[in-house]
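Novice: One-letter residues, chain by chain:
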Amino acid sequence: MSKEWPLWEIFIRGQHGLSHRHVGSLHAPDAEMALRNARDVYTRRNEGMSIWVVESNKITAFDPDMAEQNFAAPKSKVYRHPSFFEIPDEVGAM
Amino acid sequence: MDPLVTFCLRMGDTTLILGQQTAAWCGHAPVLEEDIAFANMGLDLIGQTQLWYEIAAQAEGQGRTPDDLAFFRTERQFLNAQLVERPNVDFAHALMRQYLFDAWHLPIQEALCESGHQAIRELAQKSVKEVRYHIDRSRDLIVRLGDGSEESHAMMQGALDALWPYAADLMAIDAVEQALVGIGMLPPLDRVACAFEAETAVTLDRATLAIPGNGHARTGGRTGIHTETMGYILAEMQQIPRSFPDARW
Amino acid sequence: MYAQLVETGAAEASEKDREFQEKIDRGVRIEANDWMPEGYRKTLIRQISQHAHSEIVGQLPEGNWITRAPSLQRKAILLAKVQDEAGHGLYLYCAAETLGISRDEMTAQLLSGKAKYSSIFNYPTLTWADIGAVGWLVDGAAIMNQVPLQRCSYGPYSRAMIRVCKEESFHQRQGFDIMRQLCQGTDDQKAMAQDALDRWWWPSLMMFGPSDKDSVHSEQSTKWGIKQNTNDELRQKFVDQTVPQAGWLGLTVPDPDLAWNEEKGGHDFGEPDWSEFHEVLRGNGPCNRDRLAARNKAWDDGAWYRDGLTAHAEKRRNMVAEGAA
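Chains as they are written, first to last, in my numbering: chain G, -5 to 88; chain Y, 34 to 282; chain H, 595 to 919.
I should point out that these hints are in silico values taken from the structure, not numbers from a laboratory. The reader is advised that the hints may include incorrect statements.
Here are the computed lysine to aspartate or glutamate pairs in the DMTMM-like style, where the Cα-Cα straight-line distance is at most 20 Å [stated by the list, open to error]:
1) Lys909(H) x Glu183(Y)
2) Lys909(H) x Glu184(Y)
3) Lys(-3)(G) x Glu699(H)
4) Lys909(H) x Glu26(G)
5) Lys909(H) x Asp279(Y)
6) Lys610(H) x Asp57(G)
7) Lys(-3)(G) x Asp24(G)
8) Lys784(H) x Asp771(H)
9) Lys(-3)(G) x Asp901(H)
10) Lys909(H) x Asp238(Y)
11) Lys610(H) x Asp59(G)
12) Lys909(H) x Glu49(G)
13) Lys(-3)(G) x Asp100(Y)
14) Lys(-3)(G) x Asp238(Y)
15) Lys784(H) x Asp173(Y)
16) Lys891(H) x Glu(-2)(G)
17) Lys52(G) x Glu625(H)
18) Lys(-3)(G) x Glu183(Y)
19) Lys52(G) x Glu908(H)
20) Lys(-3)(G) x Glu625(H)
21) Lys(-3)(G) x Asp806(H)
22) Lys891(H) x Glu184(Y)
23) Lys617(H) x Asp59(G)
24) Lys617(H) x Glu62(G)
25) Lys909(H) x Asp24(G)
26) Lys610(H) x Glu62(G)
27) Lys52(G) x Asp771(H)
28) Lys909(H) x Glu(-2)(G)
29) Lys891(H) x Asp123(Y)
30) Lys(-3)(G) x Glu827(H)
31) Lys817(H) x Glu827(H)
Take the sequences, apply the hints, and build the full model.
Specialist: So this is what it looks like as structure tokens:
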């Protein structure tokens, strides 16, 4: 069997002002064709106005088994959230 | 027939028959991504057909609907260019047919954006955006597959050899268009053929494909003279409405 | 779509297995790189790829009528619908690929006849009314199967299903709309609609898979959060939803045992012919061979296209590399 086209991850900006969001993946021989394919596959219902494509194997991710050590520390920093501080009602909006 | 009606049928019949041929690939294309992309073009073409037939039906003023025009005319009454009725021999033929069509369709739609007829102008201004995307896509595939593997090159050259003689039929202009140009309804269309030649010369060269020698251009579609494939296309397309002429669907 | 006869394999409960089960019980979604039992991975690969194959083969019976659709609008709608099925197949193959199998491998399994797909697509579409019946009944049954899968424990599958369900919502309606037009039409059209319902009713009921008492793999899949409802539950729901619609259309459901049961608040209905179901599953349905032949032809005939584009992309990469050197 001949070589399979690489897999690409597709990110689409749905509306002005929003970030690009991951919507799915597809196969294409190179980035340009991945873009075209993404246009045809993922914006058939007017879902997008900008598309990014990234070859799937170019994405670097944390090992999920390390999630606890990677993401535990901020859990104790409750003071980073505004709800930590009590502001009397009479002080007004802040 | 009113030259306006004839012209709209020439345009609408061409997009319909190509749309019909394109739609037949749905579920059979070489890869899923292409299956979806090709169907998108078919959808655009069918949509454009409806717009052309609406203008034709209105200009004709006999109460016919776009569906009447599509399903209740016979082979000699269809005025599409012969290119689009050429069969789905393989996907290379389908892509090359689409590309040659696009190379004509873009300049004519661009010209029609300046039409003196309001409905045609509005149709063109809407369609031209779709058509720009179509030719970008077709051109890219022609270059990639022409200059791809040895096999893909041979497939594309074979399709070009088979289809090139039919390209002239797209550009054929007669008294119908001249009359419409004369009353300002159409802009001069000579530039369409020039644009077609420029586009294909550059792209086919990039695709490392050789344009076959001239000398046997096939024309006639615009006056209802077709190739033998045409009757079969209509037989298939029109079968249900003609079997049940009183029914609505 | 649907997942039929998926083997799950018995998993021995290790510490990791227990943690995994606990995660699922808490409603935490499993993601591609998370640890998962081999049985879970295998079950999902099988189920998602079968589901994807069903979408792809499912293009064929309806695609059969695109070139003959009786109006320009019906042609466009049907083309858009069958195109959506290709999209759904694509999303699902991608979801399965996150589990470590390639689309080419899955395609090879389909083309060799090794992989299963929904039996319903081995029945022929013989008249235009079949396109109405397929949309109304088959997509209706599919949606009923698919809606709960949006909450499936495996993240990529659940997200693909959310997208599929969103797109699928017009499919059933377009089928019903075809039926409605036929049922309000001429006598010929009404007869065509009734004939289509007669032929598609029982195969549609079989889409939910064998009866719970004969379904071997349900328990583990339910525990793993891959399956949310039993086959019989969904079948009952489908019958209860569809029978009044048939009545509204003025069509007769071809089941002499069909009756409203006040006590259970649902319909009683007859038993599908399960021997037929298993025959079709074994490859002896009316269209099994045609369907596989069509998919094989598309794949084989398309090799030059896929390879040609690969070759060109490599040329471009080399040119860029040379330019940089």
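Novice: Hints first: check each against the structure and report whether it holds.
Specialist: Okay, the hints, checked on the actual structure:
A threshold of 20 Å between alpha carbons decides the hint, and for Lys909(H) with Glu183(Y) the separation of about 13 Å falls inside it, so the pair holds. As the CA atoms of Lys909(H) and Glu184(Y) are separated by approximately 15 Å, the hinted pair is consistent with the 20 Å bound. A threshold of 20 Å between alpha carbons decides the hint, and for Lys(-3)(G) with Glu699(H) the separation of about 12 Å falls inside it, so the pair holds. A C-alpha spacing of about 14 Å is found between Lys909(H) and Glu26(G), which places the hinted pair at or below 20 Å, so the restraint holds.
For the given pair, Lys909(H) sits about 58 Å from Asp279(Y) by alpha-carbon distance, which is inconsistent with the 20 Å threshold. Taken as a hint, the Lys610(H) and Asp57(G) pair is honoured in the structure, with Cα atoms around 16 Å apart against an allowance of 20 Å. Simply put, Lys(-3)(G) and Asp24(G) have alpha-carbon atoms about 13 Å apart, close enough for the 20 Å limit, and the pair holds. A hinted pair counts as satisfied when its Cα atoms are at most 20 Å apart, and Lys784(H) with Asp771(H) qualifies at roughly 13 Å.
This hinted pair checks out: Lys(-3)(G) and Asp901(H) have alpha carbons roughly 7 Å apart, not beyond 20 Å. A distance of roughly 17 Å separates the Cα atoms of Lys909(H) and Asp238(Y); the hinted pair therefore holds under the 20 Å criterion. Restraint check for Lys610(H) and Asp59(G): satisfied, since their Cα atoms lie roughly 12 Å apart, inside the 20 Å limit. The hinted pair formed by Lys909(H) and Glu49(G) meets the criterion: a straight-line CA distance of about 18 Å does not exceed 20 Å.
A hinted pair counts as satisfied when its Cα atoms are at most 20 Å apart, and Lys(-3)(G) with Asp100(Y) does not qualify at roughly 45 Å. About 28 Å separates the Cα atoms of Lys(-3)(G) and Asp238(Y), which puts this hinted pair outside 20 Å; it is violated. The hinted pair formed by Lys784(H) and Asp173(Y) fails the criterion: a straight-line CA distance of about 48 Å is larger than 20 Å. For the hint linking Lys891(H) to Glu(-2)(G), the alpha-carbon distance of about 18 Å falls within 20 Å, and the restraint holds.
Between Lys52(G) and Glu625(H) the alpha-carbon distance is near 18 Å, which keeps this suggested pair within the 20 Å criterion. With a C-alpha separation of about 16 Å, the suggested pair Lys(-3)(G) and Glu183(Y) falls inside the 20 Å cut-off, and the hint holds. With a C-alpha separation of about 18 Å, the suggested pair Lys52(G) and Glu908(H) falls inside the 20 Å cut-off, and the hint holds. Proximity of Lys(-3)(G) to Glu625(H) is assessed by CA-CA distance (about 27 Å); at most 20 Å being required, the pair is judged violated.
Under the criterion of a C-alpha separation no larger than 20 Å, the hint pairing Lys(-3)(G) with Asp806(H) is inconsistent with the structure, at around 43 Å. In summary, the hint linking Lys891(H) to Glu184(Y) is supported, as the alpha carbons are separated by about 18 Å, within the 20 Å threshold. In summary, the hint linking Lys617(H) to Asp59(G) is supported, as the alpha carbons are separated by about 13 Å, within the 20 Å threshold. For the proposed pair Lys617(H) and Glu62(G), the alpha carbon gap of about 14 Å is at most 20 Å, so the pair holds.
In summary, the hint linking Lys909(H) to Asp24(G) is supported, as the alpha carbons are separated by about 11 Å, within the 20 Å threshold. A C-alpha spacing of about 16 Å is found between Lys610(H) and Glu62(G), which places the hinted pair at or below 20 Å, so the restraint holds. The straight-line distance between the Cα atoms of Lys52(G) and Asp771(H) is roughly 46 Å, outside the 20 Å bound, and the hint therefore fails. Between the alpha carbons of Lys909(H) and Glu(-2)(G) the distance comes to roughly 16 Å, so the proposed pair stays at or under 20 Å and holds.
With a C-alpha separation of about 11 Å, the suggested pair Lys891(H) and Asp123(Y) falls inside the 20 Å cut-off, and the hint holds. Our distance criterion of 20 Å between C-alpha atoms is broken by Lys(-3)(G) and Glu827(H), whose separation comes to about 44 Å. Taking the CA atoms of Lys817(H) and Glu827(H), the gap is near 17 Å; set against the 20 Å cutoff, the hint holds.
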